[in-house]
Amino acid sequence: MQRKKATDLRELRVAITGGTSGLGLALVHLLTARGACVAFVARTASAVERTAAETGAYGIVGDVARKTDIYPIAMQIAGTLGGLDVLVNNASSLGPVPLALLADTECEELEAALAVNLVGAFRLTKALFGALAASARDRRGALVINISSDAAVNAYPGWGAYGASKAALAHMTAIWDEEAKDHGVRFLAVDPGDMDTPLHALAVPDADTSTLKHPNTAAAEIIGKMLAALPIAVEERTGAEA
Amino acid sequence: MIAADHPDRRSARLLVVEADGSIRNLPRAALAALFGPADLIVANDAATLPASLAGIRTATGQPVEIRLAGWVSAADPTRFAAIAFGAGDYRMRTEDRPSPPALSPGDCLQLGPLKAVVERVLDHPRLVELRFTGDPQALLAGIARHGRPIQYAHVPEPLALWDVWTAIAAEPVSFEPPSAGFALDWHTLANWRQRGAGFMTLTHAAGISSTGDPVLDQRLPFDEPYHIPDTTAAAVFRAKSQGRRIIAIGTTVVRALEAAAKPDGGVHAGMGLASGRIGRETRLSVVDAILTGVHQPGESHFELLRAFAGDTQLDRISATLDRNGYRAHEFGDSMLLERWRPALPRESDRARSALSISA
Numbered sequence: 085m086q087r088k089k090a091t092d093l094r095e096l097r098v099a100i101t102g103g104t105s106g107l108g109l110a111l112v113h114l115l116t117a118r119g120a121c122v123a124f125v126a127r128t129a130s131a132v133e134r135t136a137a138e139t140g141a142y143g144i145v146g147d148v149a150r151k152t153d154i155y156p157i158a159m160q161i162a163g164t165l166g167g168l169d170v171l172v173n174n175a176s177s178l179g180p181v182p183l184a185l186l187a188d189t190e191c192e193e194l195e196a197a198l199a200v201n202l203v204g205a206f207r208l209t210k211a212l213f214g215a216l217a218a219s220a221r222d223r224r225g226a227l228v229i230n231i232s233s234d235a236a237v238n239a240y241p242g243w244g245a246y247g248a249s250k251a252a253l254a255h256m257t258a259i260w261d262e263e264a265k266d267h268g269v270r271f272l273a274v275d276p277g278d279m280d281t282p283l284h285a286l287a288v289p290d291a292d293t294s295t296l297k298h299p300n301t302a303a304a305e306i307i308g309k310m311l312a313a314l315p316i317a318v319e320e321r322t323g324a325e326a
Numbered sequence: 164m165i166a167a168d169h170p171d172r173r174s175a176r177l178l179v180v181e182a183d184g185s186i187r188n189l190p191r192a193a194l195a196a197l198f199g200p201a202d203l204i205v206a207n208d209a210a211t212l213p214a215s216l217a218g219i220r221t222a223t224g225q226p227v228e229i230r231l232a233g234w235v236s237a238a239d240p241t242r243f244a245a246i247a248f249g250a251g252d253y254r255m256r257t258e259d260r261p262s263p264p265a266l267s268p269g270d271c272l273q274l275g276p277l278k279a280v281v282e283r284v285l286d287h288p289r290l291v292e293l294r295f296t297g298d299p300q301a302l303l304a305g306i307a308r309h310g311r312p313i314q315y316a317h318v319p320e321p322l323a324l325w326d327v328w329t330a331i332a333a334e335p336v337s338f339e340p341p342s343a344g345f346a347l348d349w350h351t352l353a354n355w356r357q358r359g360a361g362f363m364t365l366t367h368a369a370g371i372s373s374t375g376d377p378v379l380d381q382r383l384p385f386d387e388p389y390h391i392p393d394t395t396a397a398a399v400f401r402a403k404s405q406g407r408r409i410i411a412i413g414t415t416v417v418r419a420l421e422a423a424a425k426p427d428g429g430v431h432a433g434m435g436l437a438s439g440r441i442g443r444e445t446r447l448s449v450v451d452a453i454l455t456g457v458h459q460p461g462e463s464h465f466e467l468l469r470a471f472a473g474d475t476q477l478d479r480i481s482a483t484l485d486r487n488g489y490r491a492h493e494f495g496d497s498m499l500l501e502r503w504r505p506a507l508p509r510e511s512d513r514a515r516s517a518l519s520i521s522a
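Here the protein sequences line up with chains A and B, keeping their order. Numbered per my numbering, the first sequence finishes at 326, counting up by one with no gaps. Numbered per my numbering, the second sequence finishes at 522, counting up by one with no gaps.
For reference, chain B alone in the conformation it holds in the complex:
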């Protein structure tokens, strides 16, 4: 399902699905010319931690790989939800990896220069909560030096941090890259500015998106903390009140903006926690369109698209993506999906943007 071809962002493609359901195939470079004064683009500027830490269970010396998967508390940078794996590395498909050593509360792990204690084993043997010993600065330095980006078998070369930071990456709080942002570069942003499109960011700590374990994957995404700057909240409110479109770059932006939505069409500024899934039952109140990667039915990223389009429309989109060989991994191609509004003429529809239509 996931193409194993080498990432090549310059030759990437873009499927554009308009609000009336019409579909166009474009080179992704065309993104620079798609937006104008009627649009506010909001992206996630979180940088990605190298969240895969190799080490041992201290008491027995058994090998373990810890993938930091989410923050236990936004206020405590030493505690993490984590997924444990046994021997091997990303080259082996997650599904084929041996189980991790049995872990119990109080167990110590030595992860390179870092020491961690298992605080809780959650309701799945791979899923634990860890607390790192030592101060947060030493922890950050240890992760920076010892950690590797989380990666999957479809990219054979080991990824470096520069592969997983988007061009706009700022504060390192994500566990996996907010990969829709790989479509952005500074040339595109400069073009948007010249064309009068707005561009703002929020910071959403994207958690792990896949574990290879279907039972665990059911629980994803975990609750994710986000921060919306005052300037971004003000821009969203202005745009909504002027009937402009809000374009979310990636599912994390949809989660954050919809979690922060206010009844007046704006969003709360500041810290928040995005919990729960967005799906077919969700009535979007802020976001009008999403730029996203190409995802497969069943993945939480794909299920989120059901808030934007009905099953028939999504089936048609998936068929088009398949037929045209769009690449479905995090370094692959992109899709711009506008919220499905079949019967309404576009301008009057925009004026009614607080309404949501589930197709």
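Chain A extracted, bound-state conformation:
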């Protein structure tokens, strides 16, 4: 039950799902390097241990698609960080791999994409909403960043399960932002752009990776948006020795 003023990035408490690869891993690296208190979630114990050892972040083994994993995950996040300022729902499922036309997509594959990208993000956010609202009451600010995609907006053939689930996530984000404003909790859907990540390689195995954004670049942009959306200015958080 320790409380400190969030006057610099060192006291920013961030949780990231899907934290052992791609954008999530880049966020864990960048945020820990800047001194934030970070907890991350991923399914594979060995990958969680590796990322925790590399970064010093708190690793939590769990699957956001499993209902019974959500509260144990939320409890570990709020318990290790002593509360929560920022939740990044980054873990994503493509649905069918390789990508498939909707008419060729199994119902279970669509359900699997929704379970991670929409329902998992909903459940974890709901479980942590009390912690986020407490942070807002404490004037630290509170923010949920949901990682979206241009596939949520544009109708790309083959991206049906993923695109539909991300579109639903983006709309849920917009509605939740309206509802939670009064409680001081902000919601942001962010499209990081096409990145050179394991997920992208699964979706487009023959992509020219030189045309893709490095996940570190996207992570740095997201951290910029994160700090801009929190009530305490970046200069204050980073200590800016001014």
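Keep in mind the hints are simulated off the structure, nothing from the lab. Certain hints may be false.
[To be verified] Here are some chain B residues pointing at chain A (derived, C-beta under 10 Å):
| hint | residue |
| --- | --- |
| 1 | ASP183 |
| 2 | GLY297 |
| 3 | GLN300 |
| 4 | ILE331 |
[Said to hold, decoys possible] Which chain B residues stay away from chain A? Per the calculated CB distances, all over 12 Å, these:
| hint | residue |
| --- | --- |
| 5 | ALA222 |
| 6 | PRO426 |
| 7 | GLY439 |
| 8 | TRP503 |
Note that beta-carbon positions come from the ideal geometry of N, C-alpha and C, so glycine has one too.
Fit chain B to the known structure of chain A by using the hints.
Frame of chain A, contents of chain B only:
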């Protein structure tokens, strides 16, 4: 005594007892419209640990259930006061459970993935102090995965963590839910905000509330650590100096605010330890009204209400609750009890809120 009906928070009811003793029966949903600019509501945002850990006494293999019951020290998250039970689980009434294996200092327990050592046996064979081996993060992960919420025989289905976290639950430091908070949802909080009522929280690590053992229950509640944020302390001071009412959501909030009370009508911010019982001898200096569950005479939660109302008034309240079939378990109905101030007109009474009247 405890209703075995299924929890149904949407159909719950609310008994409102005003300062002049008048009583109203309302649907609990009416709570949203009961408060306004003259009120500051303070709730406990502690989330609840799954504090029941099944396992064995390592040396003998005898089954044991450990219920973590309180923190030994707020500074050390690996040490707990705990109640030990023998074979069986919550489906068996606590009173009927076999005794735990005899435990001595140094005994090791294997509780799923967790290892604990008995540090002390207190003055009751069920009551021990434990230290878990390993780092605090592994302990938290082990409790998260292996622990079950503490529960009692009146709810037959196994409870999940989502059943015992209130809507405002934040940091997991409680051993049982601060159950008065089950009356709150975000719709209600939004309504209060629109009506101009203040809403703030503190974090109070509620310990175990009942063991089924009358001798042990005499010792409850244990000392409980709490944290009052600066923002909450400032809001309480402002409200008191403006003569607004402080509404405590649950007995844990009363314990924390009264333990932290300052002579100027405010409360100390920061960490503190609530010790001792609040009862008929207590002069409340901060809290004006309590929202609580329905409790039975003798339970520590009920005895705390004696600080708010005299015996005659509480007898009348209990009779009304009984007559109207209010549900008395932690997922049951609610009561809003304003501190008894019979002879004084309300407004002038509020101005004198530092005074306490024991009826």
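Evaluation of the provided hints:
1. Given the 10 Å rule on beta carbons, the hint for ASP183/B is violated: about 33 Å separates it from the nearest Cβ of chain A.
2. Because the closest C-beta pair between GLY297/B and chain A is about 14 Å apart, greater than 10 Å, the hint is violated.
3. With 10 Å as the threshold, the beta carbon of GLN300/B comes within range of chain A, its nearest partner Cβ sitting at about 6 Å, so the hint holds.
4. Given the 10 Å rule on beta carbons, the hint for ILE331/B holds: about 5 Å separates it from the nearest Cβ of chain A.
5. Here ALA222/B stays apart from chain A, with its beta-carbon at least about 30 Å from theirs, past the 12 Å limit.
6. Residue placement check: PRO426/B keeps its beta carbon more than 12 Å from all beta carbons of chain A (closest about 24 Å).
7. With a closest Cβ-Cβ approach of about 20 Å to chain A, GLY439/B is found to remain outside the 12 Å limit, as its non-interface label requires.
8. Every CB of chain A is more than 12 Å from the CB of TRP503/B (nearest about 31 Å), matching its label as outside the interface.
Hint violations for this structure: numbers 1, 2, all remaining hints satisfied.
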